[in-house]
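Join the two chains, each given in its own frame, into one complex according to the hints.
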Amino acid sequence: MSSRWRAGFWQGVERLGRMATAPLNQWLDELDFLAVVLMSALAGLTIRGQWPFLLRHTWQQIYFTAVQRAFIFTVVGLIIGALIALPLIVFGIHDPRLLGRIMHIMVYHQLGPILAALFVAGLSGAAITAELGELRANQAIDHLAAMGVDPYSFFVWPRLIGMALSLLVLTFWLNVGVTVGAAVMLNVYQNIPLSVFFRVCISGLSGFTILLTGLMVASQAVHIILVQISHAFRVRAYVDIPRALPNAFAQSFIGCLVITLLFSLLRYG
Amino acid sequence: MVEIPSVRLCRLVLDVQPFPAPFDFKAWPDQLWMLVGAVDSGRRELIRTIAGLAAPRAGHVELFGQAAERLWPRANARLRRRIGVVLEQAGLAPAWSVFENLALLVRYHNLAPARDVEGYVVEFMETCRLPHALLTRLAGDLSPLESSWIGLLRALIIRPELLLVSGYLPRETLTADYGVWRFFQDVVQPMRMTILVDAGPQALPIDAESRLLVMDQGTMLAAGPTSELRDHPDARVQRYARADYA
Chain A
13 MSSRWRAGFW QGVERLGRMA TAPLNQWLDE LDFLAVVLMS ALAGLTIRGQ
63 WPFLLRHTWQ QIYFTAVQRA FIFTVVGLII GALIALPLIV FGIHDPRLLG
113 RIMHIMVYHQ LGPILAALFV AGLSGAAITA ELGELRANQA IDHLAAMGVD
163 PYSFFVWPRL IGMALSLLVL TFWLNVGVTV GAAVMLNVYQ NIPLSVFFRV
213 CISGLSGFTI LLTGLMVASQ AVHIILVQIS HAFRVRAYVD IPRALPNAFA
263 QSFIGCLVIT LLFSLLRYG
Chain B
3 MVEIPSVRLC RLVLDVQPFP APFDFKAWPD QLWMLVGAVD SGRRELIRTI
53 AGLAAPRAGH VELFGQAAER LWPRANARLR RRIGVVLEQA GLAPAWSVFE
103 NLALLVRYHN LAPARDVEGY VVEFMETCRL PHALLTRLAG DLSPLESSWI
153 GLLRALIIRP ELLLVSGYLP RETLTADYGV WRFFQDVVQP MRMTILVDAG
203 PQALPIDAES RLLVMDQGTM LAAGPTSELR DHPDARVQRY ARADYA
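In order, the protein sequences belong to chains A and B. With positions in the first sequence counted from 1, the corresponding number in our numbering is that position plus 12. With positions in the second sequence counted from 1, the corresponding number in our numbering is that position plus 2.
Errors might be hidden in some of the hints.
Derived, one-sided and incomplete: chain B residues facing chain A with beta-carbon distance under 7 Å [as the list claims (entries may be wrong)]:
#: 1; residue: Ala53
#: 2; residue: Gly54
#: 3; residue: Leu55
#: 4; residue: Arg82
#: 5; residue: Val87
#: 6; residue: Gln91
#: 7; residue: Gly93
#: 8; residue: Leu107
Chain A is faced by these chain B residues, among others (derived, beta-carbon under 7 Å) [stated by the list, open to error]:
#: 9; residue: Ala79
#: 10; residue: Arg83
#: 11; residue: Leu89
#: 12; residue: Ala95
#: 13; residue: Tyr110
It should be emphasised that the hints constitute simulated quantities derived from the structure, not laboratory data. Even glycine gets a Cβ: it sits at the ideal position worked out from N, Cα and C.
Isolated chain B, as found in the complex (with noise of 0.2 Å):
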């Protein structure tokens, strides 16, 4: 069987100031990339871009073999069903409860018959040790950290197949001894997708089993397993590699 990307950039230039050089890229399923870069050097822009909420200025996106720009509305809406999106904000309906802010896609993309979906939720939150007591809640009420993990697991209550993270994760913990870094090896990783993470760097652990994307100026500058770019000859590239950042 063939296997076929989750995420194909061909010839992309970013919306972003100045004209960026176009770029190639693959992530291939059960991948785990975290973009690195300077400040404005594009990552925002191209977690934007891969989720369909900016258009490149050239080139395309390729979403599991699909151009989503070239679907039409009900086969982009199946395509975008298999994607899990984090952005900067948690991004939750802030009169809805946790509870009805995590049913909504499960509702809306049928993962559940309607009398199950209270089951559905409850048993991933628990998949994903987080305690029953925040579903009452009204998502105005949380706490930014509480926020940020309720996004995320909106994303991944979907399962998806392509994860795409921006902005800074969670780094505390809502459950004691359950950091980040554990959960997207116990929870995320599980569930075998591709995951992009532009998460800042220290968000999750680099090291030699880690892939890294690194951009600078709206293009990217390198992409590759960790342990390939440490001997690369840009020494930005080495530096991000190397997890130099002082």
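Bound-form chain A, shown alone (with noise of 0.2 Å):
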């Protein structure tokens, strides 16, 4: 009896350990695979005829990504905008200088690019794991190999670029309308004019955080492409597909999370 006992004791400090060590073996799987497209980005782009594909197919991945989604942005950050000041009201917060540095630490430096991240995976990243992941099922991605196609090359890099490109814009774009949301919201509630509140949200930035920032919002668009992309891959047959893309969302917007959480702690910390 007590080695049964012993033995479902170690098992449980296994499990453990196990559960433990999965998110630094999803990030040395998704280093491994960044290494994989790296090299191979780098073997086939000097290949000739490889660059008008890597444009052809980027530009896609930004009408997809950015100028199809540009309408709900604007929706969406006007909304956030307006839901981000309600607060501020109650609160009474008067002081302009203030009220654009709250834009800044929540808005800008956080907030925005964890919700424009949010929505590129939910929107874009499934679209691209269901995409590949039918491909990967239907065996088109081996029959390209196969043919002298380098996978990797072809569907990872434009996706990759073209995603980052994206991500940044989007991110920019909600904080316009976030901004524009913010400010008629306490023009119409506490009377600030709206060319105050733009002034002190615009005279906030810096080159050293516009910098950051876009290496932030850089680093999630290259985290969501590869853990979409390598959910896709793994894909065996169809009925992987409904199981990769919940799986794919969830892991990119934790790791955007935890990305961003590092950056704050850079920016503040």
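Right, here's the structure in full:
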């Protein structure tokens, strides 16, 4: 009996250990995948005729991710801006400089990039996983690989560049929407002139904070793409696609939160 | 001029269970080989291994005199553009049109200048006697029969020197009186490529001219012209050579 208890105890310890190391393993898998993608891209892009594909598919990715979603991001940005302004109105914060500071710390540095990443992971990321998962399940990727098309430089690289550029643009656009939404609410309820609010919001921006936010957003985009595509490449049959989609979304979003946390610690810590 | 085999398998051990015996095999240009054998005899794995989609347990695969696994990615890509592959599924991108599916490899491998790609694809469809109307349709809207034809065409459009076919070839016709065997005789064989077909014993007629590669338990049982294999000491080989599947 005691040996059974002991075995159970050690199995429990092993399971706990596995749970604890799972995020690290996922991170290492992601780095491994990134290394393969980079090596493949370096080798693939030196082959004649690859650049038109890269440019064409990168533009397609930007179109599907940024251009088609611009309207949604505008609406979402305006609503979130209004929602952020309401507690400030309730607390009776009138000082424009304090309001500008709140916008910087809360929205531009943290909430804006997180929301943009959430939307992009859910909309474009899921579409990428579904599309590539289907190509994997119906052997299209196998066919192309066997006939000389490098799946990493052909499928991953354009999406990586397209997603990074799109997420930068969308984060900026979302922040613009949030600023306008908050400005309108504060103007209506607290008579803070729009021009004053916009000025305090812009004046707090420095080259360093923009660079740091840009790096954070680019890291989030790379993370989203690597997670979504690595899940898609693990698909073996059509039945795997419905399982891959939520897992990829959850993993990419949690990763984006961790990236934001790390950059915030770097910024304020 | 010394002729180099299109495919050379050296002491190859396929990654199947149980551990199979190693075997050697050579396929020369302009030869058509039909892979025959029971279910799970390793035919599919052999095609995947030659195509570079599966790694062997031991031995190596040489394509046109080069060991593919030892090449740098760029040289490997150059080598692989000489190979056409048709696996069990058609493997088309469903959201793309048939034209985009066919044009992809033409563009990727620079087989025609950008402005001539459309003409290249249309001309190829004419050569294969398939209707142009297919080109504008989405691959996802095609019937399974149409998809398998387009999958075969995509492998042939790069005018490969080696064609690997796994799974069932389309046995029915898309155009009246034009079956797959006539397609092979009229279109594929004049391209003078090496062909390895694992397409089920009934896909192409086995006659005295054909060559068989008989697989069993992950290894090669026999290989050679059908006429020679009819008197092979192994009864299983004789059965395939005499096309006696009853």
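Valine 87 of chain B as chain A interface residue, shortest Cβ-Cβ below 7 Å: This hint holds: valine 87 of chain B lies near chain A, its Cβ roughly 4 Å from the closest one there, short of 7 Å.
Restraint check, 7 Å cut-off on beta carbons, for leucine 107 of chain B near chain A: At 6 Å from the nearest chain A Cβ, leucine 107 of chain B passes the 7 Å test, so the hint holds.
Status of the alanine 79 of chain B interface restraint (C-beta, 7 Å, chain A): 5 Å, holds
Proposed interface contact between glutamine 91 of chain B and chain A, which counts if any beta carbon pair is under 7 Å: 5 Å, holds
Hint status (Cβ of glycine 93 of chain B to nearest Cβ of chain A, threshold 7 Å): 4 Å, holds
Hint status (Cβ of arginine 83 of chain B to nearest Cβ of chain A, threshold 7 Å): 4 Å, holds
Satisfaction of the arginine 82 of chain B interface hint, Cβ to chain A closer than 7 Å: 3 Å, holds
Cut-off 7 Å, beta-carbon criterion: hint that leucine 89 of chain B touches chain A: 5 Å, holds
Hint check, leucine 55 of chain B versus chain A [nearest Cβ-Cβ separation less than 7 Å]: 5 Å, holds
Tyrosine 110 of chain B as an interface hint toward chain A, with CB separation required under 7 Å: OK, holds: tyrosine 110 of chain B within 7 Å of chain A, min 6 Å.
Closest C-beta approach of glycine 54 of chain B to chain A relative to 7 Å, hint status: At about 6 Å, which falls below the 7 Å cut-off, the nearest Cβ of chain A leaves the hint on glycine 54 of chain B intact, so it holds.
Evaluation of the interface hint that places alanine 95 of chain B against chain A, nearest CB under 7 Å: Constraint on alanine 95 of chain B satisfied, holds at 6 Å.
Of the numbered hints given earlier, the model fails none.
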